[in-house]
Amino acid sequence: MADHTLPIPGAITAAPSRGAALLEWLHGWVVTVDHKRLGILYVVYAIFFLLVAGAEALAMRIQLAIPGNHFVGPETYNELFTMHGTTMVFLVGMPILFGFANYLVPLMVGARDMAFPRLNAFSFWLTAFGGLLLYFSFIGGFGLYGMGNAPDVGWFAYAPLTAKAFSPGHNTDYWALSLIVMGFGTLGTAINIIATTLSMRCRGMTLFRMPLFVWLMLVVSGLTLITITPLTAAQIMLLIDRYVGGHFFDTQSGGSAVVWIHFFWIFGHPEVYVLVMPAFGIASEIIPVFSRKAIFGYPAMVAASVGIAFVSLGVWAHHMFTVGMTSVGNAFFVLSTMMVGIPTGIKIFNWLATMWGGKIRFATPMLFATGFLFQFLIAGLTGIMLSVAPWDWQLHNSYFVIAHFHYVLVGGIVFCIFAAIYYWYPKATGRMLSETLGHWHFWLFLIGFHITFDTMHLVGILGMPRSIYTYEADRGWNTLNMIISAGGMIQGIAVLIFAWNLIDSFLHGKEAGNDPWDAWTLEWSTPSPPPAYNFGADPVVRSRRPLWDLKHPNDPDWKYEQ
Amino acid sequence: MSAIQNSIPIFADENWRLPSRGRVGMFSLIIGESAIFTIFVVAYIYYIGRSVSGPTPQILDIPIFNTVCLLSSSLTIWLAEHAIERGCMHAFAAWWALTMALGIVFIAGTAQEWTRLILHEGLTIRTNLFGTTFYSLVGLHATHVVVGLIMLSLVLLFTLLGRVEQRHAERIQVLSLYWHFVDAVWVVVFTVVYIVGR
Amino acid sequence: MTTESQPGDRQTATIQMPAPTAWPIILAFGCTLAAAGLVTSAGISILGGVFMLAGSIGWFRQVLPHEQHEEISVAVQPVAIASARALVDRIRLSPEHRARLPVETYPVVSGIKGGIAGGIAMIGPALLYGLIAQHSIWYPVNLLGGAGVAHWQNPTTAEIAAFHWQSLFIAIVIHSFTCVLVGLLYGAMLPMLPRHPILLGGVLAPVLWTGILHSFMGIINPALADRISWSWFLVSQVAYGITAGIVVARQERVPTDQSLPFAARMGIEAPGMMHSRADAGPSRDKDKP
Amino acid sequence: MQPGRRLCLFRSRLCALCLPCLCAVPALAQGPQATPSILAPASTPAHEIYNLSLFVLLITGSIFAVVAGLLAYVVVRFRARGPDAEHEPPQIYGSTQVELAWTVIPVLIVVVLFLTTARIIFAIQDAPEPKSALDVTVIGHQFWWEFRYPKLNIVTANELHIPASTRGAPEPTYLHLLSADVDHSFWVPQLAGKTDLIPNHPNEMWLDPRAPGLYVGQCAQFCGVEHAKMLIRVYVDTPQQFDSWAENQQRLAVDDSAALAGREVFESQACVNCHTIVGTPAHGTFGPDLTHLMSRATIGAGAAANTPENLHAWIEDPGTFKPGALMPAMQLSNQQVNELVAYLSTLH
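Going down the list, the protein sequences come from chains A, B, C and D.
Residue 799 is where the first sequence starts when you use the working numbering, and the numbers rise one by one after that.
Residue 39 is where the second sequence starts when you use the working numbering, and the numbers rise one by one after that.
Residue 4 is where the third sequence starts when you use the working numbering, and the numbers rise one by one after that.
Residue 1205 is where the fourth sequence starts when you use the working numbering, and the numbers rise one by one after that.
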């Protein structure tokens, strides 16, 4: 995926020396404003941090494998889970999904580039440098001893633990500053995606003919505009507290810790949908192609996506059932949270109906998409359990919650991301990923995933809270924790296989051709990899599946679509 | 399988109009900015009357003149938009300069207010919750005004150099959208800080 | 789609793409340094400010007065868009076994009307029960609405028989919402199973529903479960089902469904089962800007 | 190969589902003594939650069975097989009726779930406090618990004693939750759901355990370095036991002349700045009240058993058990520590 130059005709004339060629090549990537290159940069960056944050997770699992372990100390453990969470959300999840959006949205709507190509480059580099700043904290500040100054207040950074009094040093500052920098990058990308989908569509690409992935990215970008910014605002307040002595979250001077919790989750919950809805988009592209059927109920899928986005803005306080709200407040957020289940259910049923009656080919992308469906179903149901406030009083901040959101984030999103990489890698590089390695990757990851996270539900029910670096030996959690850790290792192996597959297939993979999956959206009508200008001539579409229309002139979609 | 002829007929389609990307982008930015302001406004409202010590909002004077200046600058920038659309570059420059002047008056008024509060009332951002929330919210808005003024002055500079022409009308309009937004936010900030909050 | 496959003269054509530029990365680097200065030293921030200024100016000159472009020549890359799967199956419709179907069925929206009518009909037996059992029409209302009234821990019978406006409000909301929804569900599903709509919707479904509620009522609403009379409950459910059924039956029937197979009764939209549009060129489609 | 693969898929699903459950059995059986399982409720709030959870589990379980069954059926039944590479399956774009049906059914389920949940929320959260209730103020500190019994005039730490409640004479305990520094959360799974302790935001919760015994729990809101070792022990006593415990706690500290040297060390060092021993000049409030230290089974909020050896090690360097604890290593000589331990050991 990584180091590949797209052929830019006429770019390379003579054969310069090796070093100069390398420099030239690097320079090309650094100054690029091409949406495809930036998309690839995003994805490579995110995969790198996926490995980093995965390693952090494994370190935590080694520490927790047995009670009273001394693999890492409490300070280090706290830094590990803070960095793991922050990295996975901001340096893996968001960049990789925006990377896909960058690469695919212009291709799918038949445009030559994003609406604001330079802003696009700027956004990526903000994200990239923000990530570097976050990781600089390991060596920054007081120097390299110990673990430096990495944030250690949890990725939710509840006040007043972040106040100067309880968190001296620059740990929290690194967290807030790097996220603000990345937040502006994300804001830029979101604006760019919205402008691209609204203003750059090719002829005939009405809103209701856009591929679902584009629809989902449009909804996600809209949601990003109003969810990332509250976090930025809250972090600015935090920095005002820490640097100029403000009192926003200073509980000694009348400030409120609860306000931070509200602000954080006003960002934090929609953020989950910002992460998961692109995954929905990916599934909505892959499942139809491998089932050989049009997506079932396209308008309902669009409506459900918009519905989820709207409802998600009113559910944040379900993270706060234990904070001590009034009973009526609790009941309201129970209802709004349960309502999210309805559009989500529509989506799951529509995917099932898409597969129903199809001729399903289980190539690796489809395997991952099916895994996604299964796990996302469970994640949704445990979500319903957690929305039941009294039960949440028990399960909140326990390993059950950890299991639930890893079911969403790993079982749902990461599975979809893998599916997407297997699916679009041929388009981006011109080579297929190895199916054999892909199957190994899938099965190992699936098994490891279930061993880890199914078991996590149980320790949660047995009363194990999150964020603890060690636990008492007599609590009955020992065996289960050992199993969880073992499952984590299996997942680690699977991801290494995947990384190897990416590199090996890039060098020796099978030639892909333009349209290896016999798919229907516009990106498959370009060569693999697509030229810098995407389309030699502006495409014109008449239905949601323009390539289907071309492939089946006697049975085109535009005759039947509502 | 025989290959199919792969081109679909191109329809004569004169109606294919899409919204301008500049406008869409600016509207998106405005939505995002509104969310930031919302958070600060909510924090301000939540913390009204919760300071444990120090000055209270009673010490604020209602900045009527400032407000009138800022709001009327929305009108003048709108007239400037019209002027450039019709191609009257002189009128454009004049209205644009007037807009800037009004903006500068507003900022100067804010600066004066802050000087009074800091030096005479002893209210700084560290004093108490009121100070923290007041300076943050009003300061956030003032920052936006300053950013707007910088961009306005760039346009004015290029206008005076004769580089701005009628064909730039759309860009000018996108920029003035931002200015309208800054004015609209002031209405909210004004209401919250000087009317509700007192 | 792609016209590269068209022979000929496009070879020398070029396309304008935005020129690569380093200014965005410099600006981004500057912003990050400016932030990093806060956790290291002020000098870093100043350096970041310099980078930001340079980046902004450079970027500004990139887009004004004209956006900078580079010309990229179009390479001829013939793209064949074809699929090996040239044949598209249709849903096989075998009309033979549909002789037993009723001749007509009802449109989906009729279910909502049925639901409303049924909901009104249900009130009758419920109030009657209240009058007979406790001499108060508010009794059943409070049993339903009591689920949401906060301060009712262990209400006495007299309390339940009295009038409470919150309880009335909640009961109305629950009742009307559920009735309309169930009606909608009937409307959507009964046309799929049209053999005995009255029997299915009027009797079987209420019995099933009552059975499910019977087993769960203790946890959903214990106050209701303790006092409920299941026979009366069933009567009101059946009243709902039958009234809804009758109202639906009186709606205008959709006459063409006589010979439709199950797939069509499900409302499946697929080629062969829906009319194809003669021509719908993009010229007809207006997009909302 | 295809049936084989199908079988493989099925088997892995089966394993994935069953393995953890099987593993859970020994874990559950490891002993009733200390697993704070939410499936073993011992108090009304926990019981209500438990019943509700079974109901929700039943509903979500049936949804799971139906949908996962459909998925399995689709995966098995509609996989492409055979050499037929020329046909596309019939294209279906949607179906209003079917989609309507699977929209309305979830809505109905949500209505039922919500009504049930709302009732339990009100029943637990808005339960009126009876006159006979015992009030305890719980104050969360980094990283220990302070328990104050205002009516009984008792202050203790980390180990909460409450009387068992009987059906005839209900004696629920109402906890008033405060925090001295950052957010904490009080969670004893067998007794009630958790509630957070937040500075400037007093909260409340109640318990009415029936069976005497020891119930464990711990802080459930990340609160800093030693969040993991902020353990709670709740002793549910019979009324007699509770009365005698309370009587002992109300006494002044034992003044044993044999431990005079240790007492002098205690009072001449910084100990008094943070700890209280009633009846002596020590009035500090940053650390746990030590007046009846020996009546507690653990030290360091459950970090270690309360034995003279552990006390010795703790005073020398609390980091031995609890790195990051706010109590500093006092740099005392071995002799001084021995005297101190001797003194502390008299504080019954």
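No lab work stands behind these hints: they were computed from the structure.
Remember, predicted model here, so these are calculated numbers, not experimental data.
It cannot be assumed that every hint is accurate.
To be verified - A few chain D residues that don't get close to chain A, going by computed Cβ distances all over 12 angstroms:
| id | residue |
| --- | --- |
| 1 | 1257 |
| 2 | 1404 |
| 3 | 1468 |
| 4 | 1527 |
Stated by the list, open to error - If you anchor each label on the Cβ, the simulated ranges turn out as follows:
| id | chain 1 | residue 1 | chain 2 | residue 2 | range |
| --- | --- | --- | --- | --- | --- |
| 5 | A | 828 | C | 74 | 18 to 26 angstroms |
| 6 | D | 1370 | A | 865 | 34 to 42 angstroms |
| 7 | A | 1306 | C | 215 | 31 to 39 angstroms |
| 8 | B | 53 | C | 249 | 30 to 38 angstroms |
| 9 | C | 74 | B | 184 | 52 to 60 angstroms |
| 10 | A | 1233 | C | 17 | 18 to 26 angstroms |
| 11 | D | 1516 | A | 865 | 49 to 57 angstroms |
A virtual CB, placed ideally from N, CA and C, is assigned to each residue, including glycine.
### Query
Which numbered hints turn out to be false for this structure?
1, 2, 4, 7, 8, 9, 10 and 11
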